[in-house]
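Asker: Protein chains in written order, with this note's numbering: chain S, 104 to 388; chain B, 7 to 211.
One or more of the hints may lead you astray.
To be verified - Where chain S lies over chain B, by a calculated footprint (3+ residues, C-beta under 8 Å):
no., segment
1, 30-41
2, 48-60
3, 135-144
4, 169-179
Bear in mind the hints are in silico, worked out from the structure with no lab data behind them.
All C-beta atoms in this analysis are idealised placements derived from N, C-alpha and C, irrespective of residue type, glycine included.
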Amino acid sequence: MFGYVRPPLDGLPDAETDRFRRAYCGLCHTLSRRGAVARWVLNYDFTLLAILLSDGDGPTDTRRCAVHPLRARPCMAPSGAMELAADESLILAYWQLRDHVDDNSGVKRVPFRAASGALRDAYRRAAAARPEFDRHVQAQLNILRRLERARCKSLDAPADAFAVLLRDAARDVEPLARRRVLEQIFYHLGRWVYLVDAADDLRRDALSGDYNPVALRYRLPDGLWTPDARRDFAVTLDHSVHHMAAAFELWDFGPWRPLLERIFYAGLFQIGRAVLDGTYHKPRK
Amino acid sequence: MKDPYQVLGVPESASDDEIKRAYRELARKYHPDNYQNNPLADLAEEKMKEINAAYEEITKRRANGYAPNSRAASPGGTYYETRYDSSYNASPNLQQIRRHIQAGNLTEAEALLNRYPDHNAEWYFLRGVIRYQRGWMDDAKSDYRRACQMDPGNTEYRQALHYMEHGPARTYSPYGSFGTDLCCASMCANACLNPGCVCPLICCY
Chain S
104 MFGYVRPPLD
114 GLPDAETDRF
124 RRAYCGLCHT
134 LSRRGAVARW
144 VLNYDFTLLA
154 ILLSDGDGPT
164 DTRRCAVHPL
174 RARPCMAPSG
184 AMELAADESL
194 ILAYWQLRDH
204 VDDNSGVKRV
214 PFRAASGALR
224 DAYRRAAAAR
234 PEFDRHVQAQ
244 LNILRRLERA
254 RCKSLDAPAD
264 AFAVLLRDAA
274 RDVEPLARRR
284 VLEQIFYHLG
294 RWVYLVDAAD
304 DLRRDALSGD
314 YNPVALRYRL
324 PDGLWTPDAR
334 RDFAVTLDHS
344 VHHMAAAFEL
354 WDFGPWRPLL
364 ERIFYAGLFQ
374 IGRAVLDGTY
384 HKPRK
Chain B
7 MKDPYQVLGV
17 PESASDDEIK
27 RAYRELARKY
37 HPDNYQNNPL
47 ADLAEEKMKE
57 INAAYEEITK
67 RRANGYAPNS
77 RAASPGGTYY
87 ETRYDSSYNA
97 SPNLQQIRRH
107 IQAGNLTEAE
117 ALLNRYPDHN
127 AEWYFLRGVI
137 RYQRGWMDDA
147 KSDYRRACQM
157 DPGNTEYRQA
167 LHYMEHGPAR
177 TYSPYGSFGT
187 DLCCASMCAN
197 ACLNPGCVCP
207 LICCY
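Only chain S is shown next, with the shape it has when bound in the complex (with noise of 0.2 Å):
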């Protein structure tokens, strides 16, 4: 579900992008609390999740990793907010994976099998950290479960169910005018995810056979768009993309402006855009 969130870099002065890389490198050493596998887990999407609950960009480190073990690098140091980005990062990578294998059979399932095994270790120490969030994820990926495979028709109500599920990752903000503006994007971007990915899979999911709530709703069998059904689902995904761009700007996200505002304005309808043309290529990680 996740890897559609890439931050459109070009462009960006070279601060911004090095700020950027801050977060995704800081991420990536604060999972490393929970032991070196959950850093498996990083990738584009929970560094945004990362930025938007963090306030501003904090204290700088600087570390070596496996990655860049030669030079060290300018890391944003582990924060309350980053650590409350990397618990709630694995609790849904590991869900996610988990999910998977109850998805698939036979040799299809090894795989996610074999990586929710390696993080289990991980995802229960972040899991005690958070129970509450940790009982939610599960309880909205049930629901979804369901819905799923009593085929349901509807586009809203599957993607609701993520959208609610990803929006609980602000339940612990302050203040309150912050935890809306947060719960609202996080809404938002969870339906948008939901749908983007459901769009990437439609001709794979005609092929195999598989639920996807976009070609039940838009009676789409082969999985190809027809012009109508296309503008149609551009345009509920421009709705969500509103949402989270005005509720953007009604909160102060400091030095994370620039970049959030191109994803918001700029780098979510690229990407909407290329999965709908068939030219995205999802990220292996």
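Keeping the supplied structure of chain S fixed, place chain B upon it in accordance with the hints.
Answerer: Just chain B now, kept in the frame of chain S:
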């Protein structure tokens, strides 16, 4: 009160034109149209009031002590703010549901709506508003469409459906265009040809 120049994001040395430009940009961003039926509309309204007050304060200071009493006296005037049209002709219960929606009490509004026996055009419209605020965009559009079918002459329902069908392309964006399928040559060729339609599709301005 916050420093009005800081609110508008301009230095004190800014010219009148620069101030007006900054004000208009912010007013466009936080305009009620941009937050219509948005669950965060109250936060946007606070922002809008802050921006209006800052602009009026700067205007007053620059008029060498002359304090205009009316908004019309400010250069360009200020945008305003009323979001909800209360002139509709609704039954008492549906008015109550509208008030709950306006106050952000969606659960209460939905409970009342579910108990309301007459599923007329307004009932579908209000269910669409609740669904929209909850993020159920596709289902909200279906409800607006149903409301329009039942009461084709109602402007409020038609505007809501038009917005859902054509998307927020007209919304504020620092890059000019807003949309997954906008800002490319093919979209210019797909401009809406519906007579009387005001959807913008102004990707190349």
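Asker: Could you run down the list of hints and mark each one as holding or not?
Answerer: Okay, the hints, checked on the actual structure:
Residues of the segment 30-41 of chain B with a Cβ under 8 Å from some Cβ of chain S number 4, which satisfies the need for three, so the listed coverage holds. Under the rule that three or more residues need a Cβ within less than 8 Å of chain S, the assignment of the segment 48-60 of chain B holds, with 3 such residues. Look at the segment 135-144 of chain B against chain S: 6 of its residues bring a Cβ nearer than 8 Å to a Cβ of that chain, three or more, so the hint holds. Coverage of the segment 169-179 of chain B by chain S holds in this model, with 9 residues showing a Cβ closer than 8 Å to a Cβ of that chain against a need of three.
Hint compliance for this structure: every hint is met.
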